[in-house]
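**Q** These are the residues of each chain, in order.
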Amino acid sequence: MRDAGFKHWDCITPFPVHGLDKAMGVKRSIVPRFSLAGGILGFCTGMSLIWWTGAVDYPLIVGGKPYFSPMFAFPVAYELTILFTAFATIGGMFFLNGLPKHYHPVLKYDQIKRGMDDLFFIVIESRDPRFHATNTRTLLEKAGGTQIQELEA
Amino acid sequence: MSAHTATVSAALPASSTASAAGRALTIGLVGIALTALGLFVSDSHGVAMSWLVGITFWTAIAIGMLMLILIHHIFDASWSVVLRRQYEHGLAAFKWLALLFLPLLIVSWLKPGFIWNWMDLNHELHGHGTVGTDVLYLKKASFLNPGMFTGMTVFFFLSWMWLAARLRKASFTQDADGSVGWTHVNRKTAAFGLPLGALTLTFAAIYWVKSLEYHWFSTMYGVWFFANCVRGALAVGVLIMLWLWARGDYKGILNNNHWHSIGQLSFAFTVFWAYVTFSQYFLIWNANIPEETFWYNLREINADGSPNQWKYVGIIGILFGHFVVPFLFLLSYKHKLNHGKMRFISIWILAVILLDICYNILPALKDVHGNALPLFNLNLLWTLTAVVGIGGVCVWAYLRSFPTTKLIPIRDPRIGECLTHHE
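Residue numbers (the working numbering), protein chains in the order written: chain A, 1 to 153; chain B, 1 to 423.
Hints in this document: simulated from the structure, not taken from any laboratory.
Misleading hints may appear alongside valid ones.
Here are the in silico distance ranges between beta carbons for each label pair [to be verified]:
| hint | chain 1 | residue 1 | chain 2 | residue 2 | range |
| --- | --- | --- | --- | --- | --- |
| 1 | A | 146 | B | 251 | 39 to 45 Å |
| 2 | B | 151 | A | 58 | 36 to 42 Å |
| 3 | B | 245 | A | 22 | 19 to 25 Å |
| 4 | B | 325 | A | 52 | 25 to 31 Å |
| 5 | B | 325 | A | 91 | 52 to 58 Å |
| 6 | B | 158 | A | 24 | 39 to 45 Å |
| 7 | A | 64 | B | 279 | 19 to 25 Å |
| 8 | A | 21 | B | 316 | 47 to 53 Å |
| 9 | B | 180 | A | 149 | 47 to 53 Å |
| 10 | B | 338 | A | 24 | 23 to 29 Å |
No farther apart than 27 Å at their CA atoms in a straight line, the calculated lysine-lysine pairs in the DSSO-like style are these [as the list claims (entries may be wrong)]:
| hint | chain 1 | residue 1 | chain 2 | residue 2 |
| --- | --- | --- | --- | --- |
| 11 | A | 27 | B | 251 |
| 12 | A | 142 | A | 113 |
| 13 | A | 22 | B | 311 |
| 14 | B | 311 | A | 65 |
| 15 | B | 140 | A | 22 |
| 16 | A | 27 | A | 7 |
| 17 | B | 169 | A | 27 |
| 18 | A | 22 | B | 366 |
| 19 | B | 169 | B | 406 |
| 20 | B | 341 | A | 7 |
| 21 | A | 27 | B | 406 |
| 22 | B | 341 | B | 111 |
Where is the CB? At the ideal position from N, CA and C, for every residue including glycine.
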């Protein structure tokens, strides 16, 4: 399927298959980009929060320290880095994988639950530019597929 | 000449460790001889401090290896089984490190106060009496005295050598008899070895390094030392993996996930080191009590308020070199899988650990005004020869142990899981 150039397709397997991502041509997730952006945003938020409250909006001398120093702003910035990174990672993951998804056309297939038990499925969506009702069926048959079904979205 | 020997060793991988070990020992002895020569060229006090830097650096790496093996056993880890064998070879260095520490002990008894000034009760403090009349010393005297120092140092090395011998024997014997009982023995060793290792490395850091300024206190010191130990051992682990990969031994054994895992651990301990080191600095900065701040002041300004070299060592070398650069570098997944990049960052980390140890030890050398002597003086040369000298002996000990066993612990119960390690 990967070599046939399909993009909108997926596998349903009863257990994690090692090397499946590579066989499907799935690249590493870009969630880390979201995490990094969240981390940088968190760090800057923490630093500017302490700077703005302590040195701009309400300058107050505490313990003979300067109005602002990255030293005491650091614990806050550090915590917000972690918090925002976690938010961005979780949020980015849900954004990219489209969960929670309450409906998918494969649910119309009465045997689909066996994909969690003892059957392996390949799903090819008709919105894929390379999709063609008969050719795709032939391709799946050639790949050794049985019980090939067309489902209505 | 060196190119010639390299070709020979590449052609004969099986027998090359013997000649490589010989070369390492030669380099080690030359380094030690050059450091000894330094005693006649420059101030012997400075050379002794350089030797302390060298011995602390390499002992830290050996302790890090010991702690990583113990952590491996206590967690029943699987991915690190193949690397554990190389660390077990690394532990062979402890007895030689103990031997090389001996000159410092002998000098301490022959000339008390020469290295650790509190050993000499008549040592003049800068502007307020002698050590013997100093209340801050007298309160600590039951802990800081030459007898305790010697006894504890002997105890540290005996503990490490004993733990090393137990771990090595169990692991090496398992290769032959395949008994799973050895894994259980190691797990028990880890259960009591971890607290023993944690306490001994903490006290070693306090006696050998922190007591150079015996007025100072920091509860983070042992943790700081531990973080450096483990980072050093991980960096050396990466270099060993690269070496065995280049030789061909590790081809087919390591996959991407092993490289990813050790990269992740290096990254985690980079953050851990930064957390601990920053906490120590931040708490002292925030409390602003003279008994504590003097230690950082000594590493920042001279008595007249002008900045000294250690200030820039702290900002550029410690803050950026030790944390920011490895942190950003190791964030990337691709960097962790790239052998060239991991080699670069591992050597980098070893260099900054050395700098960190210099930062902690060398400012104890002071001029007549009580200012710390700068990093860049002739003494740095003896520091480097000491590091190369002691390092040569450690590498020799590793290479001598290397051919005595199988490359990987083939009958470890977790070896199958290790070889098929996945994310």
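**Q** The structure should be examined with respect to each hint, and the outcome stated for every one.
**A** Evaluated hints:
| no. | hint | result |
| --- | --- | --- |
| 1 | 146(A) - 251(B): 39 to 45 Å | holds, 40 Å |
| 2 | 151(B) - 58(A): 36 to 42 Å | violated, 57 Å |
| 3 | 245(B) - 22(A): 19 to 25 Å | holds, 22 Å |
| 4 | 325(B) - 52(A): 25 to 31 Å | holds, 30 Å |
| 5 | 325(B) - 91(A): 52 to 58 Å | violated, 29 Å |
| 6 | 158(B) - 24(A): 39 to 45 Å | violated, 57 Å |
| 7 | 64(A) - 279(B): 19 to 25 Å | holds, 21 Å |
| 8 | 21(A) - 316(B): 47 to 53 Å | violated, 42 Å |
| 9 | 180(B) - 149(A): 47 to 53 Å | holds, 50 Å |
| 10 | 338(B) - 24(A): 23 to 29 Å | holds, 24 Å |
| 11 | 27(A) - 251(B) | holds, 25 Å |
| 12 | 142(A) - 113(A) | holds, 25 Å |
| 13 | 22(A) - 311(B) | violated, 50 Å |
| 14 | 311(B) - 65(A) | holds, 20 Å |
| 15 | 140(B) - 22(A) | violated, 63 Å |
| 16 | 27(A) - 7(A) | holds, 12 Å |
| 17 | 169(B) - 27(A) | violated, 45 Å |
| 18 | 22(A) - 366(B) | violated, 61 Å |
| 19 | 169(B) - 406(B) | holds, 13 Å |
| 20 | 341(B) - 7(A) | violated, 33 Å |
| 21 | 27(A) - 406(B) | violated, 38 Å |
| 22 | 341(B) - 111(B) | violated, 47 Å |
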